[in-house]
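**Q** So the protein lines, in turn, are chains A and B.
So in my numbering, the last one in the first sequence is 111, and the numbering has no gaps at all.
So in my numbering, the last one in the second sequence is 113, and the numbering has no gaps at all.
No wet-lab data here; the hints were simulated from the structure.
Accuracy of the hints is not assured; some may be wrong.
[Unchecked claim] Keeping only pairs whose Cα atoms sit at most 30 Å apart, straight-line, the calculated BS3-like set for lysine-lysine is:
| # | chain 1 | residue 1 | chain 2 | residue 2 |
| --- | --- | --- | --- | --- |
| 1 | B | LYS95 | B | LYS68 |
| 2 | B | LYS95 | A | LYS71 |
| 3 | B | LYS105 | A | LYS9 |
[Stated by the list, open to error] From the derived model, a few chain A residues whose C-beta atoms are all more than 12 Å from chain B:
| # | residue |
| --- | --- |
| 4 | SER51 |
| 5 | GLY58 |
| 6 | SER94 |
| 7 | GLN100 |
For glycine and all other residues, C-beta sits at the position ideal for the given N, C-alpha and C.
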Amino acid sequence: NAGVTQTPKFQVLKTGQSMTLQCAQDMNHNSMYWYRQDPGMGLRLIYYSASEGTTDKGEVPNGYNVSRLNKREFSLRLESAAPSQTSVYFCASSEDSYEQYFGPGTRLTVT
Amino acid sequence: AQSVTQLGSHVSVSEGALVLLRCNYSSSVPPYLFWYVQYPNQGLQLLLKYTSAATLVKGINGFEAEFKKSETSFHLTKPSAHMSDAAEYFCAVTKRGYSTLTFGKGTMLLVSP
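The shape of chain A in the complex, shown without the other chains:
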C-alpha cells in the first residue's frame, strides 16, 4: 500500500501561471481533503470531497479549484498563481473524518 501519494513534490511557478496538484489514495477511502500549511498558521482546509462526486469549500478556497476524478484521485488546480499561494500543500484521505491519512506534501513557490 502506498497510502496517499502527491505529485509533484516541488514546484516553482511564475505569477499568473497555472498548475494542477495531483493526489491519489489506495485505501478505498470515501473522503479526501486539500490543505495548505503556512508557518504559524497550522493547516487550513482549502477544499474537501466527502464522497465521490461531491466537493465542498473549506476555510480558504479562493484562487483554487478541485476535481474528484474518481474515488482514488482528487486534484487541486491553481488557475492563475499568486505569490500568496506559496505554501506547502497536503492531501489527505479518510474513511470518516476521524483519522485522516496525509500525503508527503507539495512545496510550491510562486515568484
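Assemble chain B onto chain A, guided by the hints.
**A** For chain B alone, coordinates are given in the frame of chain A:
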C-alpha cells in the same frame, strides 16, 4: 463553530524530561479530539484520538492525553522525552457526523541532549 488553541508555538525540553503540550478546545457539542505529529519534511500522522470513550487516551510512542470537559482541555503528555520526539504537534477537533477537522496552529517540540 469549533476551534482549538495550542498554547506555545515552541516548547523546549531536555531529553528524559516530561513533555506537556497544551490544547484547549471550543465546541458547542461534545467534541472529538485528536493529536497529530509532523516530522520534518513529512505529512501528518495520527498520535491519538478521543471519541467519547475513555477520557485518558493512549497513543503511539508513549504519548497520552486526557480529555477534561470542565477545563475544555486535551493536553498531550509523555513522561520522558526522547530526541526522536522532536517534531511539530497539532491538536484538532471535530464533532460526530461532521466531515472535517479543525486544526490548531501547532507546537514545535524541541528536545535537547
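**Q** Does each hint fit the structure? Answer for all of them.
**A** Verification of the hints:
no.	hint	result
1	B:LYS95 to B:LYS68	16 Å, holds
2	B:LYS95 to A:LYS71	24 Å, holds
3	B:LYS105 to A:LYS9	23 Å, holds
4	SER51	9 Å, violated
5	GLY58	7 Å, violated
6	SER94	9 Å, violated
7	GLN100	7 Å, violated
Hint violations for this structure: numbers 4, 5, 6 and 7, all remaining hints satisfied.
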